[in-house]
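Trainee: As you go down the protein sequences, you meet chains A and B in turn. First residue of the first sequence? That's 1 in this note's numbering, and the numbers climb one at a time after it. First residue of the second sequence? That's 1001 in this note's numbering, and the numbers climb one at a time after it.
There could be a bad hint or two in this list.
Straight line, CA to CA, 20 Å or less: simulated PhoX-like cross-link-like pairs of lysine-lysine [what the hints assert, rightly or not]: (1) A/24 - B/1068; (2) A/78 - A/68; (3) A/96 - B/1094; (4) B/1068 - B/1094; (5) A/96 - A/24.
Hint data in this document are derived by calculation from the structure and do not stem from the laboratory. Note that the coordinates shown come from a computational prediction; the quantities given were computed from them, not determined experimentally.
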Amino acid sequence: DAGVIQSPRHEVTEMGQEVTLRCKPISGHDYLFWYRQTMMRGLELLIYFNNNVPIDDSGMPEDRFSAKMPNASFSTLKIQPSEPRDSAVYFCASSKGQGSQPQHFGDGTRLSIL
Amino acid sequence: QQQVKQSPQSLIVQKGGISIINCAYENTAFDYFPWYQQFPGKGPALLIAIRPDVSEKKEGRFTISFNKSAKQFSLHIMDSQPGDSATYFCAASKRAGGSYIPTFGRGTSLIVHP
């Protein structure tokens, strides 16, 4: 079975540019999560969706960040404009909404803002 | 405020030794406690998990010990192997709708010397 697929794996861009990260969850999973991982703050939950609807975006750091899930097989996390402090590894994860089902993580996007 | 405190930050053990990682939490609303294992360049993957109604869960060489009254739990890796070298994250999760939403510890980098 294909796991969670994220693209791109690496992104290097200049400050002020728009960045779009993409995620394809595992088929049949109805929860999708976006995380950010840094040395300073560890693994932080940014936002999660249930059945394509955003449920909790309290972890989104500021208005420069936005996330969408137009259908059950695709989600995006957008940063506009990007700043050097946004440099991190961004993970997408998905799970089934059946109690204690594990979250399945993608391999992440390593983002560097110059 | 760090809701889940994990220690140590790094750990070095010899092959065949026991690796112990500890976590503590404050919020009594947490009721599901997974551990994730992360290798370089990969996303975290569920290793083992426990509910607070049991004090211990064992899967192969991996054991979770849980102390509900102290709000502490730990991961023990018996007969540690070089292939166990990875970063380990504990998490404390609370139910939201049909899923559990985790709060992660900062992670422990484990190195097992051959």
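Trainee: Against this structure, judge whether each hint is valid.
Mentor: Now the hints, each set against the structure:
1. Between residue 24 of chain A and residue 1068 of chain B the CA atoms are separated by roughly 37 Å; this puts the pair beyond 20 Å, and the hint is violated.
2. Restraint check for residue 78 of chain A and residue 68 of chain A: satisfied, since their Cα atoms lie roughly 8 Å apart, inside the 20 Å limit.
3. For a cut-off of 20 Å, the pair hint linking residue 96 of chain A to residue 1094 of chain B stands: about 15 Å separates their Cα positions.
4. This hinted pair checks out: residue 1068 of chain B and residue 1094 of chain B have alpha carbons roughly 15 Å apart, not beyond 20 Å.
5. Taking the CA atoms of residue 96 of chain A and residue 24 of chain A, the gap is about 14 Å. The hint holds against a cut of 20 Å.
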